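A.B. asks: Based on these hints, arrange chain U on the given structure of chain E.
Sequence lines, in order, name chains E and U. 35 is the number of the first residue of the first sequence in this note's numbering; add one for each residue after it. 7 is the number of the first residue of the second sequence in this note's numbering; add one for each residue after it.
Accuracy of the hints is not assured; some may be wrong.
[Claimed, not checked] Some chain E residues well away from chain U (every beta-carbon gap over 12 Å; in silico):
#1 D45
#2 L49
#3 M54
#4 G78
#5 D88
#6 A127
#7 G150
#8 G151
#9 I169
#10 R207
#11 R228
#12 P230
#13 S236
#14 D246
[Said to hold, decoys possible] Subject to a maximum C-alpha distance of 30 Å in a straight line, what follows is the list of computed DSS-like cross-link-like pairs (lysine-lysine):
#15 U:K219 x U:K10
#16 U:K141 x E:K180
#17 E:K174 x U:K142
#18 U:K160 x E:K166
#19 U:K142 x E:K175
#20 E:K175 x U:K190
#21 U:K187 x E:K175
#22 E:K166 x U:K125
Note that these hints are calculated values from the structure, not bench results. All of these numbers come straight from a predicted model, not from anything done at the bench. Using N, Cα and C, we set each Cβ at its ideal position, and we do this for glycine too.
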Amino acid sequence: MPKSKLTSIEDFKKLLKDDMTIMIGGFMTDGTPEQLIDAVLESGVKNLTLINNDGGYPERGIGKLISNGQVKTLIASHVGLNPTVAKLMNAGALELILVPQGTLAEQIRAKGAGLGGVLTPTGLGTLVQEGKQVIEVDGKKYILEKPMKADLAIVEATYADTFGNGVNIGTTRNFNPLMALAADVVVMGTYEVREPGKVDPSSVTIHGVLVDYLVEIVEA
Amino acid sequence: MDAKQIIAKRVALELKDGQLVNLGIGLPTMVADYLPEGIEVVLQSENGMIGMGHLVDGEHNRNFTNAGGHSVSILPYAACFDSAFSFSLIRGGHVDCTVLGTLEVDQHGNIANYMIPGKMVPGMGGAMDLVTGSKKVIVVTTHTDKNGNSKIIKQCKLPLTGVECCDLIVTELAVMEVTPKGLKLLEIADNTTVEEVIAKTEASLILADTIGKFSTN
Chain E
35 MPKSKLTSIE
45 DFKKLLKDDM
55 TIMIGGFMTD
65 GTPEQLIDAV
75 LESGVKNLTL
85 INNDGGYPER
95 GIGKLISNGQ
105 VKTLIASHVG
115 LNPTVAKLMN
125 AGALELILVP
135 QGTLAEQIRA
145 KGAGLGGVLT
155 PTGLGTLVQE
165 GKQVIEVDGK
175 KYILEKPMKA
185 DLAIVEATYA
195 DTFGNGVNIG
205 TTRNFNPLMA
215 LAADVVVMGT
225 YEVREPGKVD
235 PSSVTIHGVL
245 VDYLVEIVEA
Chain U
7 MDAKQIIAKR
17 VALELKDGQL
27 VNLGIGLPTM
37 VADYLPEGIE
47 VVLQSENGMI
57 GMGHLVDGEH
67 NRNFTNAGGH
77 SVSILPYAAC
87 FDSAFSFSLI
97 RGGHVDCTVL
107 GTLEVDQHGN
117 IANYMIPGKM
127 VPGMGGAMDL
137 VTGSKKVIVV
147 TTHTDKNGNS
157 KIIKQCKLPL
167 TGVECCDLIV
177 TELAVMEVTP
187 KGLKLLEIAD
197 NTTVEEVIAK
207 TEASLILADT
217 IGKFSTN
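Chain E on its own, in the form it takes in the complex (with noise of 0.2 Å):
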């Protein structure tokens, strides 16, 4: 039986360092581990470069972070019901890198399935094309979009075994399974914690060979 990978919270917070690239996974905070989220605030860290489908809300999600300056760089594909991004852009303070939602999944998909990008129709045309290759394939014209890579990701499971094994219920999957695949680093929080054997196999939606740590945590 391996070893389980549960972890604390406190011991969460030791692997945070300056100027990390971070995915969070999570769609309009939905599927992101607040209790997680709370814990990169404690640890102060500052300097991160934050991937995520959207700007989370002022006082929720990985908009905290981005409320309390911890934040350099954001990489998303929406921050409209996040008013403090638009805030501290103009300000200078923020770095805000727009991606559309199915490249954005695409290019962090590559990256954890060892491919050199995706070509994809998205965007030609528009601003999201500007110092991007395009090539054409058969007649058709695409954009050549990189993989995307982490430092750390930061998922949720609904629940999860104590081999990192999750399952997502309903919509908070989004961006979850894509994100392990793409950090060096993958921390899962999850809201109830099983022995193996009692998550079935067919219904895991986070592998746990790509988890490396496991942290309990309760709704917040």
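C.D. replies: Only chain U this time, still in chain E's reference frame:
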């Protein structure tokens, strides 16, 4: 009905039974409320679900949400998936129709709805993928802005979300189809005239042989 309701009701007539449809947040979401009797569509939500039901008020249920982060009900045939699969559906041409709001739309079918440089940068979210991959792209907007300026213009000035990607534009006054020859006026609201629509439209309009009328009640 107000302008939004008129638009939602008219767009609903474009959807066919059994289609896989993605409705944007806001006005486009209202389209589902006006589907004619006997027409049922399968709603896709880009955060990872097909078979989305209605918005659910009250306590937030984080397990089932729409792309705006609002709790939703799910239908018996619902299925959930990750973001890569969700956008495979969208980009891969599996979504029959998408309905999106906009800041600007022009007679070439260009759409600009994700940023106003220096002012507002909400981001494109899933919109760039939706306008690229959906079989039919319907853009909804009020015909004029609050200062009376036409929202249907000759050439978008804001950064584009998509190039020549829109198929149909529906406002509270008109239904216009983007054709290779230009923007064709297909229908007008039953409370306006062709002259009024032309006067309130910056884009050049080609008049259909027969211009139909749609209901504002």
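A.B. asks: None of the hints should be skipped; say for each whether it holds.
C.D. replies: Checked hints:
1. D45: Fine: 26 Å to the nearest Cβ keeps D45 of chain E off the interface.
2. L49: holds (24 Å)
3. M54: Holds, because the least Cβ-Cβ distance between M54 of chain E and chain U comes to about 22 Å, which exceeds 12 Å.
4. G78: holds (27 Å)
5. D88: D88 of chain E not clear of chain U: closest Cβ-Cβ about 8 Å, inside 12 Å.
6. A127: holds (15 Å)
7. G150: holds (17 Å)
8. G151: Answer for G151 of chain E: holds, closest chain U Cβ roughly 15 Å.
9. I169: holds (16 Å)
10. R207: Its Cβ does come within 12 Å of chain U, the nearest being 5 Å, so this is violated.
11. R228: holds (18 Å)
12. P230: Holds: least Cβ distance 24 Å, greater than 12 Å.
13. S236: holds (15 Å)
14. D246: holds (20 Å)
15. U:K219 x U:K10: Holds. K219 of chain U to K10 of chain U sits at ~17 Å (cutoff 30 Å).
16. U:K141 x E:K180: Holds, at roughly 27 Å.
17. E:K174 x U:K142: Distance ~19 Å between K174 of chain E and K142 of chain U Cα, so the pair holds.
18. U:K160 x E:K166: holds (28 Å)
19. U:K142 x E:K175: Answer holds: K142 of chain U to K175 of chain E is near 20 Å, not above 30 Å.
20. E:K175 x U:K190: Distance of about 28 Å is within 30 Å: holds.
21. U:K187 x E:K175: OK: K187 of chain U and K175 of chain E at ~23 Å, within 30 Å.
22. E:K166 x U:K125: Distance of about 26 Å is within 30 Å: holds.
Hint check: violations occur at hints 5 and 10; the rest are consistent with the structure.
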